[in-house]
Each structure stands twice: as C-alpha cells, then as structure tokens.
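Just so you know, the protein sequences line up as chains A and B, in that order.
At position 21 of the first sequence (counting the first as 1) the number is 21 in the working numbering, and the numbers step up by one without a gap.
At position 58 of the second sequence (counting the first as 1) the number is 58 in the working numbering, and the numbers step up by one without a gap.
All clues given are correct.
Estimated spans, in silico, between C-beta atoms of each pair:
id : chain 1 : residue 1 : chain 2 : residue 2 : range
1  : B       : 89        : A       : 11        : 21 to 31 angstroms
2  : A       : 47        : B       : 30        : 24 to 34 angstroms
3  : A       : 83        : B       : 94        : 28 to 38 angstroms
4  : B       : 116       : A       : 124       : 16 to 26 angstroms
5  : B       : 78        : A       : 126       : 30 to 40 angstroms
6  : B       : 116       : A       : 11        : 23 to 33 angstroms
7  : A       : 122       : B       : 94        : 15 to 25 angstroms
8  : B       : 3         : A       : 104       : 29 to 39 angstroms
9  : A       : 42        : B       : 70        : 13 to 23 angstroms
10 : A       : 104       : B       : 95        : 40 to 50 angstroms
11 : A       : 6         : B       : 65        : 23 to 33 angstroms
12 : B       : 101       : A       : 42        : 20 to 30 angstroms
13 : A       : 47        : B       : 37        : 34 to 44 angstroms
14 : A       : 12        : B       : 3         : 42 to 52 angstroms
Covered stretches of chain A (in silico footprint by chain B; criterion: 3 or more residues with CB under 8 angstroms from a CB of chain B, positions within the stretch not fixed):
id : stretch
15 : 36 to 42
16 : 48 to 62
Just so you know, the hints here were simulated from the structure itself, not pulled from any lab data.
Beta carbons: idealized from backbone N, C-alpha and C, even for Gly.
These are the residues of each chain, in order.
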Amino acid sequence: MPATASPDHALIKLAAIGTIAGVFSGLFGVGGGTVIVPLLIFWFGYGERLATGTSLAAIVIIGLFGALAQGGAYGNVHVATGLLLSIPAVVGVVLGTAIQQRIPQRAVSYLFALLLVAIAVELILS
Amino acid sequence: MSELAAALICLAGGMTGGLVGVGGGVLFVPALTVFIGLSQVEGESTSLLMIVVVAIVGAYRQNGYGNVRLREALIIGALSPLGVLSGVALANHLSERALQLAFAALALFMAVQLVRRARTAS
Numbered sequence: 001m002p003a004t005a006s007p008d009h010a011l012i013k014l015a016a017i018g019t020i021a022g023v024f025s026g027l028f029g030v031g032g033g034t035v036i037v038p039l040l041i042f043w044f045g046y047g048e049r050l051a052t053g054t055s056l057a058a059i060v061i062i063g064l065f066g067a068l069a070q071g072g073a074y075g076n077v078h079v080a081t082g083l084l085l086s087i088p089a090v091v092g093v094v095l096g097t098a099i100q101q102r103i104p105q106r107a108v109s110y111l112f113a114l115l116l117v118a119i120a121v122e123l124i125l126s
Numbered sequence: 001m002s003e004l005a006a007a008l009i010c011l012a013g014g015m016t017g018g019l020v021g022v023g024g025g026v027l028f029v030p031a032l033t034v035f036i037g038l039s040q041v042e043g044e045s046t047s048l049l050m051i052v053v054v055a056i057v058g059a060y061r062q063n064g065y066g067n068v069r070l071r072e073a074l075i076i077g078a079l080s081p082l083g084v085l086s087g088v089a090l091a092n093h094l095s096e097r098a099l100q101l102a103f104a105a106l107a108l109f110m111a112v113q114l115v116r117r118a119r120t121a122s
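Between the sequences and the hints, there should be enough to build the whole structure, so can you do that?
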C-alpha cells in the first residue's frame, strides 16, 4: 500500500492534498472530493473504496469550514431548504455507498473518470 | 413540480457522492439555482450545508464498511482552509477563464490516469 513513503513524506503529501482540495473548493465551489479521491489513489496507493470513504470523511470538515464561513460571514445559507433537500440526498448517499460495496473497485475508477470528464466539459463550455 | 425535480436531482447527487466519494455539490448547486430559484452564491452556500449532511452520513456508512482512514481524513480536512485562502488569492491575480481551463485540463489528466491505472490493475 503506501509502500516506501516515510511518515514525513506522507504528512507533506496529505497536507498538499488538503491544500489543493481547499484551493479548488474555494475557486469553483465543487467540493474537494474531485481531487482528494484521485490523489489518495495515485500518491498513497489506496483502493477506490478506501479513497472514497476517506474523502467523504475529509469533506465533512472541508464543508463545515465553508458553510460556517458562508453562513456566518454572509448569511447566504438557506438552512430550511438545505435541510429539506438533504433528505433525498441522504437516501442517495446510503444507496450509493451500498451499491459501491457490490461493484468491482475498477468500476469506481471508471465512474470517477466519467465525472471528471463531465466537470472538464462544463468548465470549458461555461 | 420543480420541487420534485430538485428532490430527484439531489437524490442523484447523493448517490453520486456515495458511489465516487464526492460531496455531490456538482448536482446540488444546479438543483438549488435552476429549480428552487436561489442565486448562484446562495445556491453554492446552501449546497455546502447539504454536502456536510451527506458527507457525515456517507462517511459513517463507509466507516461501517471499513473504508475510512480517520487520521488521514482529519489532516486533509484541517489543512483545507489554507487552500481556500490561497484559492481566493489566486482568483484575484488570474483570470477566471484561465483558472477554469487549468482545472479542466487537470480533471482530464486525472481521468486518463485513473482509467490507465484501473486497466493495468485488472
């Protein structure tokens, strides 16, 4: 797995992933997951399931910082609407994680690549 | 009707999040702006709240499946504000178009690498 990376190197790489994820969520509003998952796979040799699970846990913290900054400083968060629409979203994430355990890890990489291409196309066309 | 459409898109966003480990904001933002009628800034901010809720439940489920390294996740999350600040500074010095194209190129590069890696691993 993480193979030869010394603890120091691992820490620097994790710090880099956190910073890069923050840069992109700050710039484009897309959560850091878009960069966290591929970088955990490329740099740490994580399997797809471990990378996506760890990414979700990191996103909790990244999203909290963002939501607090937006809600606290600017009052732009529509709390009731957000919570109401979170209900179908939570059903979705429970389904999605359950499905993920039943498909080959490789398929997760392909799905992720598809998502990245869609994001790239959207950015180029916008 | 538009509320139903928004709910369905958010269901799809949550499912995408669970499948590939992202927050789902890619779909939450359009659901909130196009179908609920929030402004772009309100949509992105409200989407962040939804992302937190979805990520908590998703990470909890993934932890149950044995797929979370908590320590690593904490380090990544704790250092992200540093990145947000650099991102904002960067946005003030570079054109938005250049940033969009740079991120698009990075996304395409990572997509190719993921596919190549998955193919050789099989």
